[in-house]
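Asker: Fit chain B to the given chain A structure using the hints.
Residue numbers (this note's numbering), protein chains in the order written: chain A, 1 to 114; chain B, 1 to 115.
FYI, nobody ran anything at the bench for these hints, they're computed from the structure. Note that this is a predicted model, so its numbers are computed, not measured.
Here are the simulated lysine to any residue pairs, SDA-like style, with alpha carbons at most 25 Å apart:
1) B:13 <-> A:42
2) A:69 <-> A:26
3) A:49 <-> B:45
4) A:49 <-> B:3
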Amino acid sequence: AQSVTQLGSHVSVSEGALVLLRCNYSSSVPPYLFWYVQYPNQGLQLLLKYTTGATLVKGINGFEAEFKKSETSFHLTKPSAHMSDAAEYFCAVSDPGGSYIPTFGRGTSLIVHP
Amino acid sequence: EAGVTQSPTHLIKTRGQQATLRCSPISGHTSVYWYQQALGLGLQFLLWYDEGEERNRGNFPPRFSGRQFPNYSSELNVNALELEDSALYLCASSPKGKYSGNTIYFGEGSWLTVV
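This is chain A alone, in the form it adopts within the complex:
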């Protein structure tokens, strides 16, 4: 069975500071990995995903994530936070040979201070 752990239910940064949201996964095989963002009162929107190939993945709005197999991690970063980045972020994992159903972490709320 696969699982996702997002460290920190809340992360607070100043505008212009580095954003780092942590995601670790547990999977018996190299998984497919996703980051989604949820703005208030909206559904989830895909930021980026890793399936195969380059382990550094670039997404929308200046976000990127790196798949590190040895650390079973897929942390999300952005060099400079903007007020509009304040939202809930979800990491998800799916099994390439499995059930086609992504498993989501509990989410991390990003707070951006002026």
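Answerer: For chain B alone, coordinates are given in the frame of chain A:
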């Protein structure tokens, strides 16, 4: 192109009643997923439909059920509502074909409040 649409946006029901939530996937998508997002619990997988058939269900009691119609739209039914069923119910769709790398696209959700 229209995204995933869900209705109603908000629904208030009394404990013991039934709730029906509806979802229209993106045109051309044949898979529909339902997730429950309760406060502080993240997204919990409820049901997956693909090409009209229920393919998998999460760890929820049988009073959570649904179906997928020939046009691939779907409805989620929750019977004998309990207070803890209060949550945001998210529907998502993905393209035809069983591929775990498919992106799933979410609707904006239906808020269910049980009083």
